[in-house]
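2 protein chains.
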Amino acid sequence: MKAVGIIVEYNPFHNGHLYHLEETKKKTSADCVIAVMSGNFLQRGEPALVSKWARTNMALSAGVDLVVELPYVFAVQSAEMFASGAVALLDALHCAEICFGSESGEIDPFIEAVHTLQKRQQEYDMHIQQALKTGISYPQAITRAWKQLQIADIDLTKPNNILGFSYVKAIKEQNSSIIPRTVQRIASGYHDETFSHPFIASATSLRKTLSGSIEQLEHISPYIPSYTKHALEQYYSTYGTFHEWEHYFPLLKYRIMTMEENELQRMANVDEGLEYRFKQAIVEAETFSQFIHSIKTKRYTWTRLQRTCAHILTNFTKEQMAATKKPAYIRLLGMSENGRRYLQIVKKKLSLPLITNAARLHSDYIYEQEKKAVAAYTAIFPEPIRTNATKEEYATPPIYWRACK
Amino acid sequence: MKAVGIIVEYNPFHNGHLYHLEETKKKTSADCVIAVMSGNFLQRGEPALVSKWARTNMALSAGVDLVVELPYVFAVQSAEMFASGAVALLDALHCAEICFGSESGEIDPFIEAVHTLQKRQQEYDMHIQQALKTGISYPQAITRAWKQLQIADIDLTKPNNILGFSYVKAIKEQNSSIIPRTVQRIASGYHDETFSHPFIASATSLRKTLSGSIEQLEHISPYIPSYTKHALEQYYSTYGTFHEWEHYFPLLKYRIMTMEENELQRMANVDEGLEYRFKQAIVEAETFSQFIHSIKTKRYTWTRLQRTCAHILTNFTKEQMAATKKPAYIRLLGMSENGRRYLQIVKKKLSLPLITNAARLHSDYIYEQEKKAVAAYTAIFPEPIRTNATKEEYATPPIYWRACK
Chain A
231 MKAVGIIVEY NPFHNGHLYH LEETKKKTSA DCVIAVMSGN FLQRGEPALV
281 SKWARTNMAL SAGVDLVVEL PYVFAVQSAE MFASGAVALL DALHCAEICF
331 GSESGEIDPF IEAVHTLQKR QQEYDMHIQQ ALKTGISYPQ AITRAWKQLQ
381 IADIDLTKPN NILGFSYVKA IKEQNSSIIP RTVQRIASGY HDETFSHPFI
431 ASATSLRKTL SGSIEQLEHI SPYIPSYTKH ALEQYYSTYG TFHEWEHYFP
481 LLKYRIMTME ENELQRMANV DEGLEYRFKQ AIVEAETFSQ FIHSIKTKRY
531 TWTRLQRTCA HILTNFTKEQ MAATKKPAYI RLLGMSENGR RYLQIVKKKL
581 SLPLITNAAR LHSDYIYEQE KKAVAAYTAI FPEPIRTNAT KEEYATPPIY
631 WRACK
Chain B
231 MKAVGIIVEY NPFHNGHLYH LEETKKKTSA DCVIAVMSGN FLQRGEPALV
281 SKWARTNMAL SAGVDLVVEL PYVFAVQSAE MFASGAVALL DALHCAEICF
331 GSESGEIDPF IEAVHTLQKR QQEYDMHIQQ ALKTGISYPQ AITRAWKQLQ
381 IADIDLTKPN NILGFSYVKA IKEQNSSIIP RTVQRIASGY HDETFSHPFI
431 ASATSLRKTL SGSIEQLEHI SPYIPSYTKH ALEQYYSTYG TFHEWEHYFP
481 LLKYRIMTME ENELQRMANV DEGLEYRFKQ AIVEAETFSQ FIHSIKTKRY
531 TWTRLQRTCA HILTNFTKEQ MAATKKPAYI RLLGMSENGR RYLQIVKKKL
581 SLPLITNAAR LHSDYIYEQE KKAVAAYTAI FPEPIRTNAT KEEYATPPIY
631 WRACK
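Which chain is which? The protein sequence lines are A and B, in order. Going by this note's numbering, the first sequence opens with residue 231, and the numbers climb by one from there. Going by this note's numbering, the second sequence opens with residue 231, and the numbers climb by one from there.
Treat the hints with care, since some could be wrong.
Copies of the same chain look alike in the list, so a pair counts if it works inside one copy or between any two.
[Claimed, not checked] Computed cross-link-like contacts, EDC-like style, restricted to lysine to aspartate or glutamate with a CA-CA straight-line distance of at most 16 Å:
1. K257 to E336
2. K548 to D501
3. K548 to E336
4. K548 to E493
5. K257 to E514
6. K555 to E403
7. K621 to E463
8. K509 to E598
9. K232 to D338
10. K621 to E516
11. K349 to E333
12. K232 to E327
13. K438 to D355
14. K621 to E514
15. K526 to E493
16. K579 to D501
17. K556 to E516
18. K459 to E353
19. K438 to D383
20. K255 to E403
21. K577 to E491
22. K528 to E613
Worth flagging that the hints you see were computed from the coordinates, not collected in a lab.
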């Protein structure tokens, strides 16, 4: 059996994701699709709209065969670390190919860019250092260095292109035999916040429309499959909320206000005196949005600050971030019958332990951070939902999806 | 002018407190009564029912002339440290006497006990060590050592007697010229939870009856002066709540669940593997009461565990506790006209700076903990009440109470 890997957040799963999934199957003729999916917190530093279990259900409904968790320590990171963790998991699962969405749908510019960069690393680093000195953000510095090298024909101001580039780079760096592929994204751009297409909209615009409540669900239904709608309805009726940063702001504020500056400084991403800005701004901030607006600068992008806040909320330290090298386990969240067959074939040759029972992970340092993320994620629920939701994390076996025929 | 010092929590101010205040005035013929009062968290590790400002108003209404704050680092401590901080503040304010409530109303047994203890310190310490080895709590060990020494005629199982003894001991240890006095407590015992007297009831029973809401206020009105009732009503209508541990449990749970064991171990009072018990019990606990019940042992009393939880909630570390030696400032919360006159007389000879504007304290390490306590205390309010209440802490000048004539 041939497996293709995809790297996803499904926050929530929508028609654009379905298109990517279908195109991936066509393009690669794989027998099995493996999705590496972020858990409670996502790459841009946001809490996931609904739990990993609800999103795993969406993925399996859509035809994904295996869903494995990208641990927090890789998931809530810049593109490079994010890609490195995801690629390592897919490599450990013996994926033959990876297929990501890009603006152009052409893989060659990505491969060429990675090759060139490796040859001209020093020059590239120098350009980045120079760019950073002008006070711009790290992503902007990368884009600028990129232009100055005039390497390849990829628009690296597009987040999806940066991720694609990072996947190809990680494959190369890890000497993986995975073949990178890309399919062209359909319609709507990553950050689009308007509905300009009849059935395709970005996850960002969908979340924004929902804005934490079920009331606008009808408005987004043209853009999501029926099983996503059903999963969202079910989640809301059980947990009473969709998760968004504003719900966590009371906890974040409590945390920052009871930390001293030197403690704040030990948190991941809190650099260059950010601790003072945080401590000062938090006193007056009544909402998360107000808080981020008041500390945002040219240097610190919204995403970067949001990620820093996720680290503070989940107590993720610089020390732990520095210790993050590569995945230590493959945590299975869900599988189809087909995915199960695939696992039976590759099971003996997996290079990382396959975990179906999280209780066995309790002493793992990567999972330690996962537990903290779960604790923070469920902290907004009233009791007894909170206690139950926390225990679900440890007790839920992988979802086994049997198609009705 | 002659000043007498009293050490209070007024949580809330009730008829028993008024009796103590009146008896103190009669007994000492002082011209000025100075109360040292705990702030947001109290000696038994509980959040104060209402803010320090509301309780200062009660004290001034009752006829106290000066209210100064006992900082968190002394207030949420065992009797010895609590007394040491309070006595040092009253000494700095040039009180001639201290007058506390006791079961017998006789001062000699207290003085005799302190004298004897100083002479037989080694023997006493040995008895305590032996008692602790049997697995009982520290307060119980003290009581047992006490009995074995057969020193004096004080029942040290009574919390108020332990406090009284600690005041006399602190006066002696600090070589203070303060004369200790005591008045007999009226009716109801400290821990009484029933209403067995027509107009006297313990603060504990009053809080229990209120249990966080205004609805039972009428039921407690026989036991409190009208100004207490008024202050409680006003507080509730402004802030929408009376404070109690259960309201803070969601925050405490979030905090403990996102801390690793070694971090928990750095918190004040977390000794002897308590961190493991805490981490284990917190997962299943849905209420504060459940949580404490599940970790309580013969060794760890409810009070001790509650105090430990206050330290975790406010992020008070072992290191900070060890650094706590003596007060660094006198923070004025309120004064009467008479109190103001007294301050004008003693102002120049105060041995500690008198602080009327908390903003001036921002770099003080004792006040650093006060800020954390305020942040935790106000964290249960919705916005914008939370932000306003936090700012009040820094912006509120001492309450100046002018009696209408």
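Hint by hint, here is what the structure shows:
no.	hint	verdict
1	K257 to E336	within (12 Å within a copy, 93 Å between copies)
2	K548 to D501	within (10 Å within a copy, 27 Å between copies)
3	K548 to E336	neither (37 Å within a copy, 59 Å between copies)
4	K548 to E493	both (11 Å within a copy, 15 Å between copies)
5	K257 to E514	neither (53 Å within a copy, 48 Å between copies)
6	K555 to E403	within (13 Å within a copy, 56 Å between copies)
7	K621 to E463	neither (22 Å within a copy, 41 Å between copies)
8	K509 to E598	between (27 Å within a copy, 13 Å between copies)
9	K232 to D338	neither (23 Å within a copy, 90 Å between copies)
10	K621 to E516	between (31 Å within a copy, 12 Å between copies)
11	K349 to E333	neither (25 Å within a copy, 85 Å between copies)
12	K232 to E327	within (9 Å within a copy, 88 Å between copies)
13	K438 to D355	neither (37 Å within a copy, 65 Å between copies)
14	K621 to E514	between (35 Å within a copy, 8 Å between copies)
15	K526 to E493	neither (21 Å within a copy, 30 Å between copies)
16	K579 to D501	neither (42 Å within a copy, 46 Å between copies)
17	K556 to E516	neither (38 Å within a copy, 36 Å between copies)
18	K459 to E353	neither (49 Å within a copy, 74 Å between copies)
19	K438 to D383	neither (32 Å within a copy, 71 Å between copies)
20	K255 to E403	neither (26 Å within a copy, 81 Å between copies)
21	K577 to E491	neither (48 Å within a copy, 34 Å between copies)
22	K528 to E613	neither (41 Å within a copy, 29 Å between copies)
The structure shown violates the earlier hints numbered 3, 5, 7, 9, 11, 13, 15, 16, 17, 18, 19, 20, 21 and 22.
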